[in-house]
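Protein chains: 2
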Amino acid sequence: MRQSQLFGKTTRQDPADEVAVNAKLLQRGGFINKTMAGVYDYLPLGFRVLKNIETIIRDEIDAIGGQELFLSALQPKDRWEKTGRWKTLEEIMYQFKDHSGRDMGLGATHEEALAEIALGSVFSYKDLPLAVYQIQTKFRDEPRAKSGLIRGREFLMKDLYSFHRDEDDLAKFYDKADEAYRKIFKRCGLTVYVTEASGGTFTKQFTHEYQVLSEAGEDWTLYCSACGYAQNKEISVLKEGDDCPKCKKEKMKMGRSIEVGNIFKLGTKFSEAFGLMYSDEKGEKHPVCMGSYGIGPGRLLGTIVEVNHDEKGIIWPEHIAPCAVHIIELPAKKGEESKAGDIKKAAEKLYEELLAENIPVLYDDRADKSAGEKFADADLIGISWRVVVSQKTLEQEGFEIKKRSEKEPLIASSKELLRMLGVSPKRSKRKTATEKAKDAEDAKKALLIDKALLKDEQKKDNP
Amino acid sequence: MRQSQLFGKTTRQDPADEVAVNAKLLQRGGFINKTMAGVYDYLPLGFRVLKNIETIIRDEIDAIGGQELFLSALQPKDRWEKTGRWKTLEEIMYQFKDHSGRDMGLGATHEEALAEIALGSVFSYKDLPLAVYQIQTKFRDEPRAKSGLIRGREFLMKDLYSFHRDEDDLAKFYDKADEAYRKIFKRCGLTVYVTEASGGTFTKQFTHEYQVLSEAGEDWTLYCSACGYAQNKEISVLKEGDDCPKCKKEKMKMGRSIEVGNIFKLGTKFSEAFGLMYSDEKGEKHPVCMGSYGIGPGRLLGTIVEVNHDEKGIIWPEHIAPCAVHIIELPAKKGEESKAGDIKKAAEKLYEELLAENIPVLYDDRADKSAGEKFADADLIGISWRVVVSQKTLEQEGFEIKKRSEKEPLIASSKELLRMLGVSPKRSKRKTATEKAKDAEDAKKALLIDKALLKDEQKKDNP
Chain C
171 MRQSQLFGKT TRQDPADEVA VNAKLLQRGG FINKTMAGVY DYLPLGFRVL
221 KNIETIIRDE IDAIGGQELF LSALQPKDRW EKTGRWKTLE EIMYQFKDHS
271 GRDMGLGATH EEALAEIALG SVFSYKDLPL AVYQIQTKFR DEPRAKSGLI
321 RGREFLMKDL YSFHRDEDDL AKFYDKADEA YRKIFKRCGL TVYVTEASGG
371 TFTKQFTHEY QVLSEAGEDW TLYCSACGYA QNKEISVLKE GDDCPKCKKE
421 KMKMGRSIEV GNIFKLGTKF SEAFGLMYSD EKGEKHPVCM GSYGIGPGRL
471 LGTIVEVNHD EKGIIWPEHI APCAVHIIEL PAKKGEESKA GDIKKAAEKL
521 YEELLAENIP VLYDDRADKS AGEKFADADL IGISWRVVVS QKTLEQEGFE
571 IKKRSEKEPL IASSKELLRM LGVSPKRSKR KTATEKAKDA EDAKKALLID
621 KALLKDEQKK DNP
Chain Y
171 MRQSQLFGKT TRQDPADEVA VNAKLLQRGG FINKTMAGVY DYLPLGFRVL
221 KNIETIIRDE IDAIGGQELF LSALQPKDRW EKTGRWKTLE EIMYQFKDHS
271 GRDMGLGATH EEALAEIALG SVFSYKDLPL AVYQIQTKFR DEPRAKSGLI
321 RGREFLMKDL YSFHRDEDDL AKFYDKADEA YRKIFKRCGL TVYVTEASGG
371 TFTKQFTHEY QVLSEAGEDW TLYCSACGYA QNKEISVLKE GDDCPKCKKE
421 KMKMGRSIEV GNIFKLGTKF SEAFGLMYSD EKGEKHPVCM GSYGIGPGRL
471 LGTIVEVNHD EKGIIWPEHI APCAVHIIEL PAKKGEESKA GDIKKAAEKL
521 YEELLAENIP VLYDDRADKS AGEKFADADL IGISWRVVVS QKTLEQEGFE
571 IKKRSEKEPL IASSKELLRM LGVSPKRSKR KTATEKAKDA EDAKKALLID
621 KALLKDEQKK DNP
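Chains as they are written, first to last, in our numbering: chain C, 171 to 633; chain Y, 171 to 633.
Source of the hints: derived by calculation from the structure; they are not laboratory data. Backbone N, C-alpha and C fix where the C-beta goes; we use that ideal spot for every residue, glycine too. Take these hints with a grain of salt, some might be off.
Claimed, not checked - Derived DSSO-like pairs: lysine-lysine, alpha-carbon spacing no greater than 27 angstroms straight-line:
id : chain 1 : residue 1 : chain 2 : residue 2
1  : C       : Lys452    : C       : Lys515
2  : Y       : Lys544    : C       : Lys452
3  : Y       : Lys308    : C       : Lys308
Claimed, not checked - Over 12 angstroms on every C-beta distance to chain Y, these chain C residues come out as not near it, computed from the model:
id : residue
4  : Tyr264
5  : Lys418
6  : Asp538
7  : Ala546
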């Protein structure tokens, strides 16, 4: 991706109407645009980060057997009246009439939808357990939306729903989901405290939240830094300075935190409302047990920025960054402008080499920016590997390579850079779809010819 | 994917409230669920088809330089008042007040949004041309929504927007977009007629539509089957039976058709409304020229079903199907139930072999279904390659392989099947992310050690 052609530009000034660090840095870096309070657009750089996060989520949720689907945002009122949530959620749900006068809502969550849709999929104990998920837009008219991507009115959610024959089976899957969640946050470079918390409007049981310590958070978490035991302050009987009730080694601390995920045992509340029953081995009917599990990829993105930045900008974890490498082509020195061509040539060559290895690259090819502006932008955008191509590096016969998280650069060749990025130099080229299709066609033809010859042979043998 | 665990089940009965073939077959096959008229949910099988279509679209739009982003569905009224479309689109736009009394709309399209957001990206001629796109949900309260996925009230749209310094540059990109669109439809297995049409509420210029002949269509297209020349009946002065004005070889025919895409030259209508200007080489300001280009992935999916089915079910084009292979494990013959274990073993082995090659497989492992039910479901679901594992195929030492689009099966080994699917047997295993990360770490360490040794060497040489 050539920076000269990138949609979304960096700015030096903080946006006037934002208090949250993630909202400021992401807008200044050209990752997002603000359409209105709590409603953001992902520009190409932000979209790439989002996709990286979503890929991690899909990986781990697929690994525990989640089947991906995609449900509608438009919701009919009658569906929500079955659980009484048309009324209990009315303060945050967008509710309106369509042109024919029918009451509609925008999905703030999808428990009702899934309980209803599962009526066509769950009949017998043989159909259970099941787990389905989506990455889809939710709408909640939050009274306060001042935390950037951390609390939006329109936001992406990975919502997973599971269906079970009983509480035991639900508990087993709940533990699996917990493990998947821990892996997701770890791969996103986040340290989470898993806290017990209240179920809100979903359930009266305790639930679990994944909290990341950050001043930008809206929650308070009591935690033990020795063993990781934690509780949401709202439900805790402990207070700061108490001994950790679990490991007894450390005093409990309290910190602001961001809830990046939560998991709920819903029991039979939703299945009973929709008549979602299954027949057991004896033909007896029982309500299905459900669980629901949420992560907001956008909130996760905002949280990663909150805990990974310095005064210059964002410091993306390596697998989250919009690109793996940021090539910075510097202008030639004053009075030696004739060298600019050589610098560009070397930068273009490196760019092509990396792209040929399928490494996503942001290439700062802008001709009208000073070295200072380019370095400032690179620090703001925060891609993990910065590779400078300049008159100096040409003389050194290598590139100046620096990690965003480190201070000291080193000089290395493109081959060494590739090794650092984990690319083995002689990777075999993958076949294109067209090549594969051609192979398939050839193979089929060959097989048909074989069969025909075989028939001829057989005819000869048995005339 | 094991069919016994699949969310979404096949049904024999047509849904009572549908007239469109795509809506009937897709619901019967377990691809989609209907939440209300014009609002459908994609279940796991349907979601996979959708992703395949989206992948083709992304490929081709990326190839012409499109940068992907993701904009909000919630839209503030003032943005739409700038072009007057808050009023002109009010009959199909969902418009309502939020909890604070502010007027909001759901995006029916995104020209206004992009023209406004581009204010932060387009300043000079150096910033042009630009092309951005998204695959995102649109909302239109259509008075008639009886065509299944072909006309939805909530639907996915790939909308591409381009920005140019003048009409000439717009025309160049318009031609590129046209080529990309033709490739997309071809890869989806569709024959399209590119017709001239009216610009509707978007523009007064002629635009181009991509029409697929189908009785399910809501448009009428006049076309020449010899040279492909076509016009939307709405704007045509030709009538059925006239000589083709272009090739003069054939008489014009008229047929019902589905519009699967359209491309618009917007000119400066939107940029003028938002003050989207660029400075030319002399510092003079001009309004930006825009284009907009739409394809509905869901409508495309519905259209593919309309033109690819028989009385038994769907016949997916090979690269669109939810899986590449449908393995059918048949029950053992009556009285020889002891053979069931061998059949299952062979089916499981084949399933694992194909998965190991990253081939997506639907495996009908259901123990309580007859051969007849399984074959009927396979025909309904319409996956291109059906592979039967049965007592008979065990005896023949091969699998019974049949394409959904063909009549005659053939017997082949798993190796031969893989060749037919385009997999060369000795493909090298790709490295996992962890292995790559480890390699990168090792490479970096090695480099640092090299550097340190080098320094030591240098010290020795120059003490």
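Consistency of the hints with the structure:
At roughly 76 angstroms between alpha-carbon atoms, Lys452/C and Lys515/C are farther apart than 27 angstroms, so this suggested pair is violated. Between Lys544/Y and Lys452/C the alpha-carbon distance is near 25 angstroms, which keeps this suggested pair within the 27 angstroms criterion. For the proposed pair Lys308/Y and Lys308/C, the alpha carbon gap of about 14 angstroms is at most 27 angstroms, so the pair holds. Taking the minimum C-beta to C-beta distance to chain Y, about 7 angstroms, the non-interface status of Tyr264/C is violated against the 12 angstroms cut.
Residue-level check passed: Lys418/C sits 35 angstroms from the nearest beta carbon of chain Y, beyond 12 angstroms. The non-interface label for Asp538/C is inconsistent with chain Y: the shortest C-beta to C-beta separation is roughly 7 angstroms, within 12 angstroms. Every C-beta of chain Y lies more than 12 angstroms from that of Ala546/C, the closest at about 18 angstroms, which supports listing it as non-interface.
In terms of the numbered hints stated before, the structure departs from hints 1, 4 and 6, listed from lowest to highest.
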